[in-house]
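Q: Sequence:
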Amino acid sequence: MSIQKPMVGITGDFRPERYNGAALTWFNTGYYDSVTAAGGIPMLLPPLENDDDLNRLMENVTGVVVSGCNLDLDPTRLKMHIHPSVKVMPKRREDFDRRVAEMAIKRRLPILAIGSGMQLVNALCGGTLYQHIPEEVPRALHHRDPVEQNLRHVLEIVPGTRLDAIYGPGEVRVNSAHHMAVKDLSSRFRVSATCPDGIIEAYESVEDDWFCLGVQWHPESNTASALDLQIFEAFIDAAVREAAPADILPMNDMFRRAA
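Last residue of the sequence shown: 270 (my numbering), numbering continuous.
Don't read these hints as lab results, they were simulated from the structure. Here the structure is a predicted model, which means the values were calculated and not measured. Think of the CB as a built atom: it goes at the ideal place given N, C-alpha and C, for glycine as much as any other residue. Just so you know, not all the hints are guaranteed correct.
What the hints assert, rightly or not - DSSO-like mimics (lysine-lysine), calculated; alpha carbons at most 30 angstroms apart, straight line:
{"no.": "1", "residue 1": "LYS117", "residue 2": "LYS194"}
{"no.": "2", "residue 1": "LYS117", "residue 2": "LYS102"}
{"no.": "3", "residue 1": "LYS117", "residue 2": "LYS16"}
Claimed, not checked - Pair by pair, the computed Cβ-Cβ distance ranges are:
{"no.": "4", "residue 1": "GLU167", "residue 2": "HIS143", "range": "33 to 39 angstroms"}
{"no.": "5", "residue 1": "GLY209", "residue 2": "ASP156", "range": "26 to 32 angstroms"}
{"no.": "6", "residue 1": "ASN161", "residue 2": "ARG88", "range": "28 to 34 angstroms"}
{"no.": "7", "residue 1": "PRO27", "residue 2": "ASP64", "range": "17 to 23 angstroms"}
{"no.": "8", "residue 1": "ARG150", "residue 2": "SER236", "range": "22 to 28 angstroms"}
{"no.": "9", "residue 1": "GLY179", "residue 2": "LEU89", "range": "33 to 39 angstroms"}
{"no.": "10", "residue 1": "GLN15", "residue 2": "LEU162", "range": "37 to 43 angstroms"}
Hey, can you work out the whole structure from these sequences and the hints?
A: Right under this line is the structure:
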């Protein structure tokens, strides 16, 4: 019996109509290239406003990527005052990401949450956020540099975690371009990795039978390392398991065993 490639929904970015152009929905090439390279079929999830339509879309995917954004979550929705450094993403974008993530969590679909998507999933599950690392964690390393687009730092991966199994031994360095971060982690997750300054850089589900991995860096970016594709491969393996009978091996497991 052949294994079909899993359909993976990716939340799209959104910009409202402006004086010089129409409203836009898109995602960066790195998202669909990474999903494709890992063995999946990417599908853009546009910011639909009708829940019935969104449910129809969600019935056709076996995994969800909650993508990042170069704008911020709205702190007022987390009952916080807005810090002056915060640049809030369009309401329609955050509304949609929330609905997609809530549906995926409820259905226990495999989730890969990236950047602000990681922050959102944690918040939806009861966690909290730092709005501006430089002020709230004064001794923290630089996590964003307006000039240096290739800023990177070492990951301190927690032994025995899913992320540890994904990356394996050796030093791991990741890109960094954020000023918000996870503060208090939801009880549904455990820490997978931190920056040397203690900032949470990755978390994963405490439930072994639910793949939910959140990463603060951008493994889909052109500044990512070759090792970062392994995150997408693990996610696609989980999406295959979601869609396939229990006696069918995940696609990437088959490739690895054949090698």
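Q: Each hint should be assessed against the structure and marked as holding or not.
A: A quick look at each hint next to the structure:
Of the supplied pair hints, the one linking LYS117 and LYS194 holds, its CA atoms being roughly 23 angstroms apart against a limit of 30 angstroms. Proximity of LYS117 to LYS102 is assessed by CA-CA distance (about 22 angstroms); at most 30 angstroms being required, the pair is judged to hold. Between LYS117 and LYS16 the CA atoms are separated by roughly 23 angstroms; this keeps the pair inside 30 angstroms, and the hint holds. Distance hint check for GLU167 and HIS143: the Cβ-Cβ separation is about 22 angstroms, which falls outside the suggested range of 33 to 39 angstroms.
Checked against the given bound of 26 to 32 angstroms, the beta carbons of GLY209 and ASP156, roughly 19 angstroms apart, lie outside it. A hinted range of 28 to 34 angstroms for the beta carbons of ASN161 and ARG88 is consistent with their spacing of about 32 angstroms. At roughly 20 angstroms, the beta-carbon separation of PRO27 and ASP64 lies within the given 17 to 23 angstroms, and the hint holds. Between ARG150 and SER236 the C-beta distance comes to about 27 angstroms, which sits within the given range of 22 to 28 angstroms.
Between GLY179 and LEU89 the beta carbons are some 35 angstroms apart, a value that agrees with the proposed interval 33 to 39 angstroms. In this structure the hint that GLN15 and LEU162 lie 37 to 43 angstroms apart at CB holds, the actual value being about 39 angstroms.
Checked against the numbered hints listed earlier, the structure breaks hints 4 and 5; every other hint is satisfied.
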